[in-house]
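**Q** Sequence:
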Amino acid sequence: MFEVLVGLAAVAAGAIAAVSGFGIGSLLTPLTAAFVGTKLAVAFVSLPHFIGTGFRFVLLREHLDRKVLMTFGITSAIGGLIGALLQIWLRSVALGYILGTLLVFAGALGITGFAARLRFGRAAGWIAGALSGIFGGLVGNQGGIRSAALLGFDVSKESFVATATAIALMVDLFRVPVYLVAQYEPILEVWPAVVIATVGAIVGTMAGKPLLKSIPEPTYRKVVSTIILALGVWMFLHPGG
Numbered sequence: 004m005f006e007v008l009v010g011l012a013a014v015a016a017g018a019i020a021a022v023s024g025f026g027i028g029s030l031l032t033p034l035t036a037a038f039v040g041t042k043l044a045v046a047f048v049s050l051p052h053f054i055g056t057g058f059r060f061v062l063l064r065e066h067l068d069r070k071v072l073m074t075f076g077i078t079s080a081i082g083g084l085i086g087a088l089l090q091i092w093l094r095s096v097a098l099g100y101i102l103g104t105l106l107v108f109a110g111a112l113g114i115t116g117f118a119a120r121l122r123f124g125r126a127a128g129w130i131a132g133a134l135s136g137i138f139g140g141l142v143g144n145q146g147g148i149r150s151a152a153l154l155g156f157d158v159s160k161e162s163f164v165a166t167a168t169a170i171a172l173m174v175d176l177f178r179v180p181v182y183l184v185a186q187y188e189p190i191l192e193v194w195p196a197v198v199i200a201t202v203g204a205i206v207g208t209m210a211g212k213p214l215l216k217s218i219p220e221p222t223y224r225k226v227v228s229t230i231i232l233a234l235g236v237w238m239f240l241h242p243g244g
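Under this note's numbering, the first residue of the sequence shown carries the number 4, and numbering increases by one thereafter.
One should not assume that every hint holds.
[To be verified] DEER-style ranges, computed between Cβ atoms:
hint, residue 1, residue 2, range
1, Leu176, Thr222, 31 to 37 angstroms
2, Phe239, Gly116, 22 to 28 angstroms
3, Leu191, Ala111, 35 to 41 angstroms
4, Lys225, Val184, 20 to 26 angstroms
5, Val184, Thr104, 23 to 29 angstroms
Honestly, the hints are just simulated from the structure, not real lab data. Values in this document were obtained by computation on a predicted structure and should not be read as measured data. Idealized CB from N, CA, C, for every residue including glycine.
Make a model of the complete structure from these sequences and hints.
**A** What follows is the structure in structure tokens.
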């Protein structure tokens with residue numbers, strides 16, 4: 004049952020990320036945490052997230068804004084390393100409550116429509132980039148903050164998704180090695196689910212654009228935000244052992 008749920012969630016998360024530039028960690032991490040605890044879930048999901056994000060970047064790389072990547076992206080990557088190192092020292096229950104808080108906050112912003120109006124200036128955007136990286140390394144969720152911060156930069160829709168994807172990939176390059184060193188054996192114990200989640204994320208990425216183009220964007224955002232809010236409430240009730 005665990006592998007089936009992870010596979011289905013990974014397909015959905017990959018499809019969402021193909022349109023929004025984030026979503027794999029937001030959906031997969033709390034679901035996985037319900038079965039294996041938050042600490043292992045963050046490390047677990049980082050692998051399909053890394054591969055799925057890399058695959059998405061290959062598809063979108065021609066739209067990359069390199070200037071934004073080399074400023075905002077670097078602060079995010081450094082934040083990701085800091086968050087991953089902090090994650091080693093925190094208990095799974097503490098991480099569960101942090102993740103639940105972020106998910107409830109992001110879900111509420113999306114449902115109310117405030118997330119779509121949220122803007123950061125460039126200076127604040129760099130700070131938000133660092134914070135999003137820290138949260139990405141700490142509990143595997145950074146996309147909502149990163150996307151809000153990126154809206155403060157003058158980039159096209161295509162460049163927005165491509166650059167958000169590249170930044171997420173940079174953060175993964177910094178945080179994944181830390182997880183592998185710290186939790187090598189627990190990850191090996193759940194390797195079939197890791198493989199299933201990775202394949203699901205890739206399939207979802209390929210199918211995402213044509214499937215989601217038929218859904219009105221406001222409806223899509225509300226549905227995703229509702230799911231994220233519900234997952235956040237779940238994390239508060241079951242923060243992981």
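**Q** Now, for every hint given, state plainly whether the structure supports it.
**A** Hint-by-hint comparison with the structure:
Remark: the range hint 31 to 37 angstroms for Leu176 to Thr222 is upheld by a beta-carbon distance near 34 angstroms. Evaluation of the 22 to 28 angstroms hint for Phe239 and Gly116 yields a pass: the beta carbon distance comes to about 23 angstroms. Checked against the given bound of 35 to 41 angstroms, the beta carbons of Leu191 and Ala111, roughly 37 angstroms apart, stay inside it. A C-beta distance of roughly 40 angstroms is found between Lys225 and Val184, which places it outside the suggested range of 20 to 26 angstroms.
For the pair Val184 and Thr104, the beta carbons lie near 27 angstroms from each other, so the given range of 23 to 29 angstroms is met.
In this structure, only the earlier hint numbered 4 is contradicted, and the remaining ones agree with it.
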